[in-house]
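Working from the sequences, and respecting the hints, build out all of it.
There are 4 protein chains.
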Amino acid sequence: MVKRNVPVTVRWSDMDAFGHVNNVQVLRLLEEVRVHAFEELREDGGPSMLESGVVVAHHEVEYLAPLVWRLAPVPVDLWVTSVGGASFELGYEVYDDAPDGTRTTYVRATTTAVAYDVTSGRSRRLTPGERATLEAWLDEPVPFRRRSR
Amino acid sequence: MVKRNVPVTVRWSDMDAFGHVNNVQVLRLLEEVRVHAFEELREDGGPSMLESGVVVAHHEVEYLAPLVWRLAPVPVDLWVTSVGGASFELGYEVYDDAPDGTRTTYVRATTTAVAYDVTSGRSRRLTPGERATLEAWLDEPVPFRRRSR
Amino acid sequence: MVKRNVPVTVRWSDMDAFGHVNNVQVLRLLEEVRVHAFEELREDGGPSMLESGVVVAHHEVEYLAPLVWRLAPVPVDLWVTSVGGASFELGYEVYDDAPDGTRTTYVRATTTAVAYDVTSGRSRRLTPGERATLEAWLDEPVPFRRRSR
Amino acid sequence: MVKRNVPVTVRWSDMDAFGHVNNVQVLRLLEEVRVHAFEELREDGGPSMLESGVVVAHHEVEYLAPLVWRLAPVPVDLWVTSVGGASFELGYEVYDDAPDGTRTTYVRATTTAVAYDVTSGRSRRLTPGERATLEAWLDEPVPFRRRSR
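Chains as they are written, first to last, in my numbering: chain Y, 4 to 152; chain F, 4 to 152; chain G, 4 to 152; chain V, 4 to 152.
The hints are simulated quantities; they were obtained by calculation from the structure and are not laboratory data.
Where is the CB? At the ideal position from N, CA and C, for every residue including glycine.
One or more of the hints may lead you astray.
Claimed, not checked - Residues on chain G that point at chain Y, a partial pick, calculated with CB under 7 Å:
1. T12
2. R14
3. W15
4. E35
5. V38
Take a look at the structure:
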């Protein structure tokens, strides 16, 4: 139970001509969630993980119900699904909980991010401090329904 | 050898603050490729598949090399990796071929799309004409390197 | 002194390759401000002005200082600069006030919006209720420095 | 008659929930036109004007008819309306010409751009080569119908 909840603002322009939040804009929302979370992955006195360098290597995203634009932010759960030597995987769930407790899950997704050395332009190992923070966020894998073979 | 090649225009604004084409904008480029291809999936005298309804159910995308903005369009190969009763999966490869034949692959991706009945708001079976067109585009699965478990 | 203050969230992706909030994205932020304000322009029991129809006819925007991305929303003042029979003009100021009271103004802008009948596809007169709301928001013209001739 | 014609690709995603090319995306299209034109503003052996530095100080844009998405690029005329010591103004017209010669003008706009020294972070005078190129593109002012006071 170490998922972060990061509410994210949906813009009116995130809707496409079908009147729903566009599937690509969903990844834009997840980017915002990630940027806010990376601000927390900051060792004392040091740069944030976003500044010290991280690149996206892989996304997987599953759309389960149409997300409709509204003024109120939409809740997104964010957690870590695995930590490797130079990379880690994030899990996300975008949802609404009705007053009666019923959950509508709009989107589930994962992002694999690789630590990156901005000066050398190459991947680098995660620092012990980064590993410790990421491992404190570890939770379950994302239960995708549909997969590419 | 039934892959479509659809060159796609990269906008200057597709770059993010790191000076590369942003990972989310890559999915925007693939959307453009898909829209152009769906225009071909039009039975004689009928609406295009985009108009008769299709929704994105799943994306998987792998970033292999940074894509840098340039004036010339970037080539994208598009094909069908599988066809089901109500859905199909598309495969993509974004790349450049050097004059000496060396290929730089920037991105590989898949999209699962579900046929959708706009009036009822529900998924529907693919028509025989749609199936025939999609099956004519069938080619190999996308060889992802990194997968979520 | 009837300006509305509408803080707006800046996304990381609003930055362009120069590392500043892109000039076009500034208009995207102003759209969000406008959408939020139009929600207030809702007569009792009726649709919002956005739903009953309004189209943008003209924008003018002046960039005075570079806006840099940050986690905290940026304050935007919004007001009405004039009201006509079928149209009205909005004024905006995007700024930060330092603790010592010094104001940095990033952007000043205006938008001319025309009331629009969605069913007929034509412009329409403002209703008495819309006029009353807009007139209650009337304030000074926007003091642009640079103008096209 | 020194207007450049720069056809620009409209993306499906440039449409908003109203099914028209969104007013902010029109400025995105004009940015693309500008980027392509600035590539020509390159002195022999030197950097393009975009690389040596130019910032947007002002936009004015007027929407005359709704622009609908289509596969074919939309023609945009681009020219210079005035040249100053450190800045210049561009004019744009976005339109379609029917086979019978009838013109539909969708958008007219201007952009004031200021030459900028990337290293000092300050505005700079236009070089003689830049002035000569810009003056060769001089044409009429943009005839806006609606103006802020």
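Now the hints, each set against the structure:
At its closest, the beta carbon of G:T12 sits 5 Å from a beta carbon of chain Y; the interface hint therefore holds under the 7 Å criterion. The beta carbon of G:R14 comes within 6 Å of a beta carbon in chain Y, closer than 7 Å, and the hint placing it at the interface holds. Satisfaction of the interface hint for G:W15 is found here, the shortest Cβ-Cβ separation to chain Y being roughly 4 Å, below the 7 Å cut-off. A distance limit of 7 Å between C-beta atoms decides the matter here; for G:E35 the minimum to chain Y is near 6 Å, and the interface restraint holds.
At about 4 Å, the closest approach between the beta carbon of G:V38 and any beta carbon in chain Y falls short of 7 Å, and the interface hint on this residue holds.
Against the hints set out earlier in the document, no violation occurs for any number.
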